[in-house]
Each structure stands twice: as structure tokens, then as C-alpha cells.
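Protein chains: 2
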Amino acid sequence: MAKEKKVEQITDMETDFAKWYTDVCTKAELIDYSGVKGLFILRPYGYAIWENIQRELDGMFKETRHENVSMPLLIPESLLQKEKDHVEGFAPECAWVTLGGSEELEERLCIRPTSETLFCDHWSNIVHSWRDLPMLYNQWCSVLRWEKTTRPFLRHREFLWQEGHTLHATAEEAIAETEQQLEVYATVCEDFLAMPVTKGLKTDKEKFAGAERTYTIECMMHDRKALQNGTSHYFGDGFARAFDIQFSDKENKLQYPHQTSWGFTTRTIGGVIMTHGDNSGLVLPPRVAPYQVVVIPVAAHRPGVTEKAAELLASIKAAGIRAKADFSDNSPGWKFAEHEMKGIPLRIEVGPRDIEAGVCVAARRDMSEKITISLDSLTDTIPVLLETIQKDMLAKARENLRAHTYIASSAEETKQIVEEQGGGFIKTMWCGEEGCEEEMKEKAGVSSRCIPFEQETLGEVCAVCGKPAKKMIIWGVAY
Amino acid sequence: MAKEKKVEQITDMETDFAKWYTDVCTKAELIDYSGVKGLFILRPYGYAIWENIQRELDGMFKETRHENVSMPLLIPESLLQKEKDHVEGFAPECAWVTLGGSEELEERLCIRPTSETLFCDHWSNIVHSWRDLPMLYNQWCSVLRWEKTTRPFLRHREFLWQEGHTLHATAEEAIAETEQQLEVYATVCEDFLAMPVTKGLKTDKEKFAGAERTYTIECMMHDRKALQNGTSHYFGDGFARAFDIQFSDKENKLQYPHQTSWGFTTRTIGGVIMTHGDNSGLVLPPRVAPYQVVVIPVAAHRPGVTEKAAELLASIKAAGIRAKADFSDNSPGWKFAEHEMKGIPLRIEVGPRDIEAGVCVAARRDMSEKITISLDSLTDTIPVLLETIQKDMLAKARENLRAHTYIASSAEETKQIVEEQGGGFIKTMWCGEEGCEEEMKEKAGVSSRCIPFEQETLGEVCAVCGKPAKKMIIWGVAY
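Chains A and B, in that order, are what the protein sequence lines are.
Numbering follows my numbering, with no gaps: position 146 of the first sequence is 147.
Numbering follows my numbering, with no gaps: position 355 of the second sequence is 356.
Since the hints were derived computationally from the structure, they do not count as laboratory data.
Please note that a few of the clues may not be correct.
Cut-off 25 Å, straight-line C-alpha distance, at most; resulting in silico cross-link-like pairs (BS3-like, lysine-lysine) [stated by the list, open to error]:
{"no.": "1", "chain 1": "B", "residue 1": "83", "chain 2": "A", "residue 2": "38"}
{"no.": "2", "chain 1": "B", "residue 1": "63", "chain 2": "A", "residue 2": "325"}
{"no.": "3", "chain 1": "A", "residue 1": "63", "chain 2": "B", "residue 2": "28"}
{"no.": "4", "chain 1": "A", "residue 1": "416", "chain 2": "A", "residue 2": "472"}
{"no.": "5", "chain 1": "B", "residue 1": "206", "chain 2": "B", "residue 2": "149"}
{"no.": "6", "chain 1": "B", "residue 1": "63", "chain 2": "A", "residue 2": "28"}
Chain B is nowhere near these chain A residues, computed Cβ spacing over 12 Å in every case [said to hold, decoys possible]:
{"no.": "7", "residue": "19"}
{"no.": "8", "residue": "47"}
{"no.": "9", "residue": "85"}
{"no.": "10", "residue": "180"}
{"no.": "11", "residue": "280"}
{"no.": "12", "residue": "319"}
{"no.": "13", "residue": "321"}
{"no.": "14", "residue": "371"}
{"no.": "15", "residue": "379"}
{"no.": "16", "residue": "381"}
{"no.": "17", "residue": "395"}
{"no.": "18", "residue": "404"}
{"no.": "19", "residue": "417"}
To give an idea of the interface, some chain B residues facing chain A are shown, with a C-beta separation under 7 Å as derived from the structure [as the list claims (entries may be wrong)]:
{"no.": "20", "residue": "33"}
{"no.": "21", "residue": "35"}
{"no.": "22", "residue": "36"}
{"no.": "23", "residue": "37"}
{"no.": "24", "residue": "45"}
{"no.": "25", "residue": "68"}
{"no.": "26", "residue": "98"}
{"no.": "27", "residue": "99"}
{"no.": "28", "residue": "281"}
Positions of the beta carbon are idealized from the N, C-alpha and C atoms, including for glycine.
Isolated chain A (complex conformation) (with noise of 0.2 Å):
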């Protein structure tokens, strides 16, 4: 027989939470560098878990009658140019395609950093009348942006993301279809990766460049640290205008219409596992996971055991959950710390002395619980026992957002709180300076996250300056 495998050691997250993080990600085999600096590799199980996400995503983009197109990769540098503030805001992390076989480009062609110059464009050939009007599409791909420093999943060069662009006959319909998208965003967050969402605005300083307003929805990690986790943006009917899409209304006035952009990418896998991941690996809510269920047979060499685990896992995969065994000569320990560092969040062990009373044994990823079931409801009370995973993952996840939400009244606060914490959302009046927005940011270390929707009155000035306040804004330390 080969020689076992030895389970990985990860870094504990308490030692150093960055180094723990990509152990993870390369430990929980979801992804491998490639020989391009910020290109990554998503292995099948990282590739799963976005498959997934994928599919909830474009479920709810269909109900509320999104179509999914396909746009060019490359964009000619001159469409790239024609609105001034989006040009400017991407230009600096664009790669630049220069020969095409053995010919130098006339223009040369930028591999897209994100694709509504490319909408607006063929827009601007197939929008005339009110009648075409809302147009509601999104395309699933990847971009590509030269980033400076990359990390797994937070900061990749290219990523995979999905890109909604719509275009509507007011401004009014935009702004609610641009709310309307980030509650998808923020529904898939809490109810699918059990990742609670602090919902908002974002400051001029931080939009999207090009847009109006940018919509975010923040979570905060378990270092307590910021993950900006979707974005949708208003862009009133500047690019129609530089694009020049026109249509006739019903009184066969013609107007610019308006338009919005929203995208989700690979990056909230990042957010999943510093979310729910501990010492142990990857922490997987059960709704997410490509398998929410292992099943491990113990003494497997005893009479009928493995024949047993084989019966469980086919009566558990045909009640339509996502399972399978691990039947390898690998010892059941290192099997339970294999299956432990790729997050499953149920994991079904059955020995002989289980098989024996009818039984066998549970144990929850998400904590050190172990239960016995029955075998004749087991699979009864599997799906419930992973709706129970799924709901309790999301309350810790609120508890840590809950306990490292801070109130402060000055930049020196602020400062301290970080400090001590690491992190953390800090709460603060703001007068709507970007001035003291870039002096926040300078004495405490912080940006703004958001303006929250759920607005509350702390004090009558600005955290900053001292003078009138307008909003309360939401600071953090931002992956």
C-alpha cells in the first residue's frame, strides 16, 4: 500500500491571518498561481463554489428579466476614451494588446477592465425608440485590470465577475433599477454565503469612475477588516450623451436615456473564507458548498461497512443533496482533516458498532458538535440539520459584525479603536467633505465605507472638522 498522505498544516489565522488565508486557498485546493503575476488558477473546487454563486446570481437576474449577453474581450482605444471621467479612472490598469499575428495594430486594443464603453457602443447602434427601452442585460466573463499587488481572490490582475448594464427611458426607473440589483446582491450575501451586509452609498471620493452614485453593500471579515462585496452604479445619461444613444419618446421627442452598471465577482469567495474559515480550513455554508455532506466509513475493512456507506450516500444524494464518500485507504483521521480543510459542513462517520444500532454519527463543521441519527431518518434530518448550519453561520458572522461595530465622536477615536481592534466599523457624523474624508484617512487610517441606508443621529457635527453634519458615515480598514 502507498504511503498516506500527510494532512497540510495550515497557519493558525491568531498567528497571521494573511498567511493563514492563502494556506487556505491553496491548502483547500480552490486555487493555484499560474505563471502570470495576479492570473490565478481556480481548481475545480474553487471553480464549484463559484458555479454555484453563478447560479443563484443568474437565477435572480432572469426573474426580474435580465438577459445575458456576450460582449468583445477587446476594446479599441478611442471608445475607451470617449467618457472622460471613466477613461481617466481605468486607463492606468489597462493591458494593451499591440500585435495581432505578425502585425502591428493600427489602434491598439485594451483587454477589457470592465465593458460599458462596449455597451454603450452597440447601443448606440440598436437603442431608437421608447419601445426598446428598458434594456436589461448582463454578461458573465472576466476582466482584466494591472494591479500593482494581488491576492487570491481579493485582488486578482484577471478576474471572473458577472456585469449587468441596463439602460432605461428615466432616471428614476435607473435609480430604482440600481437599488433594485444591489438588494440581489445583498439577499445572495446573507441568505446564500450566511455573510451579513452593511448596505449604502458610496462617498464622490470612492465611486465608480464614470457614475453618479455607486451603491455598496461592505462585510466585515473576521479580522475585523473590510470586504466591499458588490457595487451598483447610476451613471445618469452621461454615456448616452459621449455615446451619443438617443431615442424617441412617446411624443416622438428624442431624449438621452439613462443607465446603470452592477458587478459581483470571484472576490466574495475570498469573503466566504474570511468570513466562516478557522484554524482548521475552510468553513463552508451548507447553501454554497459543492458537497454539503461526506460520508466516511470507519473500520472500513470490517464486513459491510463500505457497502453501508455506499447505501447512505446514494439515499442522501437522492433526497437531492450535494454528497459524497470518501472510500480511499486513507486512515479516518486523516480523511476528517482532509474533508474538515475543504469546509464540507457535515460530515456522516459509520462504523460498525453504528451500523449495528441502527445509527450513525453527524458532526458539524461549523462547530465541535457531534449528534447520532437514526438511519431511517437520516435523510430526513440532514436537510434540516443544514438549514440549522446555514442559519447559525449567518448569526456568528452577525454577532462579529454586531461586536466590532464602534460609535466615535473625532479622528483621535477612531484612531484608537482601530488600533485596539484591528478594525472594525466605525460609526462617525460627516459634514460630506471629501477634505475630511482624505484627513480621516491620513490621522486614523481608515476609508469611508459607506453612508449606510440605515441612517442614525450620533451628534450634530462632523467627527472631523466639528462643523454641521449631514450624514453618518461608515469608516473601516479595507481588503
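Chain B: place on chain A using the hints.
Chain B alone, transformed into the frame defined by chain A:
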């Protein structure tokens, strides 16, 4: 009321088949041109067809234990050069990234034309033991080949596809995989797309760059030209040696694994158009059609008609049929033409007199037949009718293939058939020499399509050189 949109005319296929084809692509709203030559926009209706093909193929890949992954978009030049035949085949068609942000890159990066080199590079990191094999990977993505001439679906510079890549312990296993995946493609073409296929082996001249064997499925279009619709390659251990991928076998000896790859692209949508389309536009087989049924109210202003049409639509959709209704204020005649252009397999018309009689009228897109159906049995009748349409479309395409398959015994005879028929599949005996392939191309204007699995003995000698024949081969004019 706004003026009715004009029903757009398309060129007759008998007048100009190429013009008819591009008319259908654009007027059925499958595709639009972008600002970069050869990079096309797949509009919602075109992309929905691709999504249906994807879902079907992806299900079959997963049933045969393949896993999806995501590999990088960019290949460093040095990586592409590792396998000599492969780089010779693809380097002339590569688009090169030479600038990232504002920096000139130290090594230029090619946008993947295909990903063998990326998979091999990854495998060289993760494959160590016979326990790691087989690797059964697939990815859905786009690739880029800098072609000189381009046409919608048939020849894009950027096209969507899936590329399967697998690694096996033995040559036998790898060859079995290569053949199995060709069968998957053949099944999807025949059963799902109603396109009969001819399965066979490519000659050495026509095989994939770096492959030992390339299997192909060839389809005959309505204009009797040939379309290659999916290929499956066996590489031997050539790439494994070039990339130093080795595994220790059960006896602990180091071995090179054997490799395959196989791809299926959006080009097939072009095949569907040219197999089934007619002078009214697209004709879609029900299984792949985004909408299988369109319900059209006739005399919709009369009380109860719109309501009845909406009710029928709801019950048809509830029966699991993909359906929509056209409640626009366009005339029924305009609607008929519009949905014929889109190739919707079945049109259900319902007007005041029909409602009174408790019936509706069903019009098949694939023939001029109209059938009166009782409203009570509608949801039972439609699925049967759709299956009949699917079967009849395959039978019709098979008949086209049968009627335009010929036998020839010389290059002159081949030339004469091609000139008379504008194409056709021409079977001859062949000695196996590349020289005869080239001579046949020169003399008759045809290329070898494949050495079919179903061999016949048509004679003893090669149709070109008269020397002893080894195989029967099929020639044709290719897209």
C-alpha cells in the same frame, strides 16, 4: 399609435447563400458587429441558444466525471513555445499583450488561442502519483485567433467555446476518452441540434497542432458545404515530456501520462442556421430553441382575446415548455413574420372564433402545416408536436446529407461533382499520402473532411495516384 416597425426582408438563399446567412444572423438578432474586426457581439437571442447548448454539454461532461476549472487568459511566450508543433501552429494567429498599465512587459503575453500549455503547466505542479490520475478538466471561456477573414459564428477572432483537457495513466485510457468525448459531441449535434454528423479521423495534414490524432464530426450544410463541428485530440505523451509532467505508478516507477483535449464552439450555431434555415429566416430545433412556442392573439382588441392568450401562455409555461406571447400592438401579419424570422418552432394563434369553438391554431415553423388543437388538450399536444418537429428536422437534414453524398473514383470525377453540386460529401479510396491530398485540393478544390469510422471498400486503388488504397476518405468544400 407609433408607426409599425417594418418587417425586414432578407436575401433569398438561392440568390446569394452567403448574404442570406449574414442577413439571418443580424435580422434574427443573434449577433451584432463590434468596433474590432472579427469580435462579435452575441445578442440575447444568440446567447440564449449558446446557453442551452452549454447546459446540455455541461450536464454530459459532469455525468462523465469532468470538472470545470478556470485557467488564465494570458500565456507567457516562453510557455507557448515549450511544445514545438503546437507553437508553430498557433503563433502566427496570436494577439500579443506588450503593455501592462504604463509599463512595457519584460515578456510578451499571448491571449490564449487554446489552453493546452496552461493546463500542462498547472499539471506539472499538481500531478505526482497514479492516485492523481485521471485529471478530467473542462473550461468554458473565449479564445482568440487572429484570423484574416471573419464571418459571424463561423470564423471569429474571439469565440466562445469549451475546451476539455484530460490526463491519463495509459494511452488506451486517453484514446478511449478522446473517442468518448467525440461521441458526446455527436449526440448533442444529432439529438439536440438535429444535425446529422459524419464521425471520423482527420488526416495528418488536417490534425490539430501537436496532436497525434484528431477526431472530428463533420456536418453538411444546406448549401452542401462541410462544417467541422467539434474535434477531439489525442496527444500521446508529447506535451507531458515537453512540460515534464511525471507520475509514479503503482510500482513506484516514474511515467509520462497521456493527454487529450476536445472543443466545441459557437460556430455550431452557424451550423444550426445553415442546416435548418429557410427564406423566412431561422428555423430552430425545439430542444435548443430559447422559446419553443409563441402565442399570438388575433383580433386582440376583441373582448377576452388577450386574456385568453395570457391564460394559454401561463398553462403552456406551467407545463414546462419555454414559451412567450406577443401582446404588442403590431399586426398579426407582422408578428407572424417576426417570430418566423426568429425560428420559434411552434406558433399558437388564438382569436375570437377559436375561443368560441374552444380551439386554437398551431403553425409549425419547419413546414407550412397548420393544425387545429382543442384548448383542453393543448398542454398534452404541444410536447408531442415539439418532439415530432425535432424528429422531422433531423430526418430532413439526414435526407439532405444522403442526397448529396457521392462516390468518385478520380480527382476529375470529384471536381465534376463539386462543380455541379457546389459541394457535397465525396467518398473516394485513398493511399494515405499527403501528396494525394494536396493534388486533390489543387485539381478538385476540395479538402479532406475525415477518414470516416464507417469504412466502405469502394475499390482497390487511390482515386488520385492509382496506388493501393488504404482507407476510404471523404472530401468536401469546407467553411
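(message) Check the structure against each numbered hint from earlier and tell me which ones fail, lowest number first.
(response) Result: hints 8 and 28 break, sorted rising.
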